[in-house]
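Undergrad: Chain residues, written in single-letter form:
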Amino acid sequence: MDSRRSISGQCFFLGKTLISWHTKKQLTVSRSSSEAEYGALAAATCELQWLLYLIQDLQLTCIKPPIIYCDNQSAFHIAANPVFHERTKHLEIDCHLVREKLQAGVMKLLPITSQAQIAYFFTKSLLPQPFNVLLSKLGLVDIYQPPPCGRLLHNEEIGDDKSSSRDNLLPKLSS
Amino acid sequence: MCKLIKYLYGLKQASRKWYEKLTSLLLAQGFKQANSDHSLFIKSSSSSFTILLVYVDDIILAGNSLDEFQNIKTILHNSFKIKDPGQLKYFLGLEVAHSKQGISLCQRKYCLDLLADSGFRNSKLVSTPSDPSIKLHNDSSPLYEDISSYRRLIGRLLYLNTTRPDIIFVTQQLSQFLTKPTQTHYTAAMRVLRYLKSCPGKGLFFPRDSTLKLLGFSDAD
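The listed protein sequences derive, respectively, from chains A and B. Here the first sequence is numbered in my numbering, starting from 384 and rising by one per residue. Here the second sequence is numbered in my numbering, starting from 28 and rising by one per residue.
No wet-lab data here; the hints were simulated from the structure. On a predicted model such as this, the values are computed, not experimentally measured, just so you know. Don't take every hint at face value.
Simulated pairs of lysine-lysine, DSS-like, Cα-Cα distance not exceeding 30 Å [said to hold, decoys possible]:
1. Lys136/B <-> Lys507/A
2. Lys207/B <-> Lys162/B
3. Lys408/A <-> Lys162/B
4. Lys207/B <-> Lys399/A
5. Lys100/B <-> Lys127/B
6. Lys472/A <-> Lys491/A
7. Lys491/A <-> Lys407/A
8. Lys399/A <-> Lys136/B
9. Lys224/B <-> Lys507/A
10. Lys408/A <-> Lys207/B
11. Lys408/A <-> Lys116/B
12. Lys399/A <-> Lys39/B
13. Lys59/B <-> Lys39/B
14. Lys33/B <-> Lys507/A
15. Lys207/B <-> Lys507/A
16. Lys407/A <-> Lys162/B
17. Lys408/A <-> Lys224/B
18. Lys116/B <-> Lys59/B
19. Lys447/A <-> Lys472/A
20. Lys399/A <-> Lys70/B
21. Lys116/B <-> Lys127/B
22. Lys399/A <-> Lys472/A
23. Lys39/B <-> Lys151/B
24. Lys127/B <-> Lys399/A
25. Lys447/A <-> Lys59/B
26. Lys33/B <-> Lys407/A
27. Lys484/A <-> Lys224/B
28. Lys100/B <-> Lys407/A
29. Lys240/B <-> Lys491/A
30. Lys240/B <-> Lys507/A
31. Lys399/A <-> Lys224/B
32. Lys224/B <-> Lys407/A
33. Lys127/B <-> Lys33/B
34. Lys484/A <-> Lys207/B
35. Lys447/A <-> Lys100/B
Covered by chain A, according to a simulated footprint, are these stretches of chain B (three or more residues, beta-carbon under 8 Å) [as the list claims (entries may be wrong)]:
36. 62–75
37. 130–144
38. 208–216
For every residue, glycine included, the Cβ atom is placed at its ideal position computed from N, Cα and C.
Can you build the whole structure from these sequences, using the hints too?
TA: Structure follows, in structure tokens:
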């Protein structure tokens, strides 16, 4: 806070399991929130590329291209094309890794609403209610303390699992 | 200048030599060193797939062929005299539990030890690790006297982050003040412990029927 540098946060899920998460104070001061978001996106892209290499080494193949969700529209636009030259020309060159990987088809970048943005968990100090909502989405399990009956199905909002988890729920309710 | 004849435990070169020796042995057995992680060795053939993960001299084996396991264990035993504690249960403070649904990882014992060492047996619990109304910065409150104990505590919290994504943000915040911790920072660290006390057994769970779909979330603040 004293240094005026932003904090980037990122997390990765394989299926429904959290496999990688990160919180780091950025190395440079950002002049705008989009710049900070774009820097965070670059860090996430590096981690994603490493995860892909690891998955490849384990001789597995992802069924779909990986997706990174980001809730900042202008970070999207910076990634998509070299516009806003006036406001982005001072960005660290390595941040444009995002654009390169997007164009190479390594990953997809999708928008997400602020409510569903799980990465908030890694960049903010939260009140109990949002904290618990996001915590349930991380899918942590306490095997020593079985969850009470009727707990929320976590990850309901992640990606396109919405329909499938609803379908799973219905037969259980009727039986 | 002298030439080292034998690499003894504790020497500066010992770790490098151990790494060389183990790596060459594994490579000779048909393992391939993964580029993404140099401590990961992979051997695949048409019938079996074996993964070997090395942490200094602790090794985890995973794969689909028990014959291959036995084979590599014999080879390692002949070279280094290994102990085989059987199915993976405890590794570097991580507790591993297997079930039909999947595998769970947690650091319950590590967390409880941390709480016990900090004298946290009868304190009040809290539901979140940090208070959103308090922004930590280099404030003017009195310095916390026992700097080394603060540093030790943060170090242990950092290790706990291996299975606890829920405290990573506050740990990151607290670790900004290792040089000059004040009373405020110490109070915030104590709050993390009170949070941990409410759920020491929380951990990661890896279901067996997971889909291979990679999703990432990125944010800055």
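Undergrad: Does Lys408/A pair with Lys224/B here, judged by a C-alpha cut-off of 30 Å?
TA: holds, 27 Å
Undergrad: Take a quick look at whether Lys399/A and Lys70/B sit within 30 Å of each other, Cα to Cα.
TA: Holds, at about 28 Å.
Undergrad: Assess, step by step, whether the Cα of Lys207/B is no farther than 30 Å from the Cα of Lys399/A, and give holds or violated.
TA: Violated. Lys207/B to Lys399/A sits at ~40 Å, over the 30 Å cutoff.
Undergrad: Please verify whether Lys484/A and Lys224/B have alpha carbons no more than 30 Å apart.
TA: Violated, because 42 Å separates the two Cα atoms, which is more than 30 Å.
Undergrad: Within the region 130–144 of chain B, is the number of residues with a Cβ closer than 8 Å to a Cβ of chain A three or more?
TA: holds (count 3)
Undergrad: If you draw a straight line from the CA of Lys100/B to the CA of Lys127/B, is it 30 Å or shorter?
TA: Holds - the C-alpha atoms of Lys127/B and Lys100/B are around 26 Å apart, at most 30 Å.
Undergrad: Taking only the CA atoms, is the gap from Lys224/B to Lys407/A under or equal to 30 Å?
TA: holds, 25 Å
Undergrad: Taken at face value, is the distance from the CA of Lys472/A to the CA of Lys447/A at most 30 Å?
TA: violated, 33 Å
Undergrad: Given the hinted pair Lys447/A and Lys100/B, is their Cα-Cα distance within 30 Å?
TA: violated, 37 Å
Undergrad: Sort out whether Lys491/A lies within 30 Å of Lys240/B, counting only the CA atoms.
TA: holds, 12 Å
Undergrad: Please verify whether Lys399/A and Lys224/B have alpha carbons no more than 30 Å apart.
TA: holds, 26 Å
Undergrad: Checking one constraint from the list: CA of Lys447/A to CA of Lys59/B, max 30 Å. Satisfied?
TA: The hint holds at about 27 Å.
Violated hints for the displayed structure, listed by number in ascending order: 4, 11, 12, 14, 19, 22, 23, 26, 27, 28, 33, 34, 35, 38.
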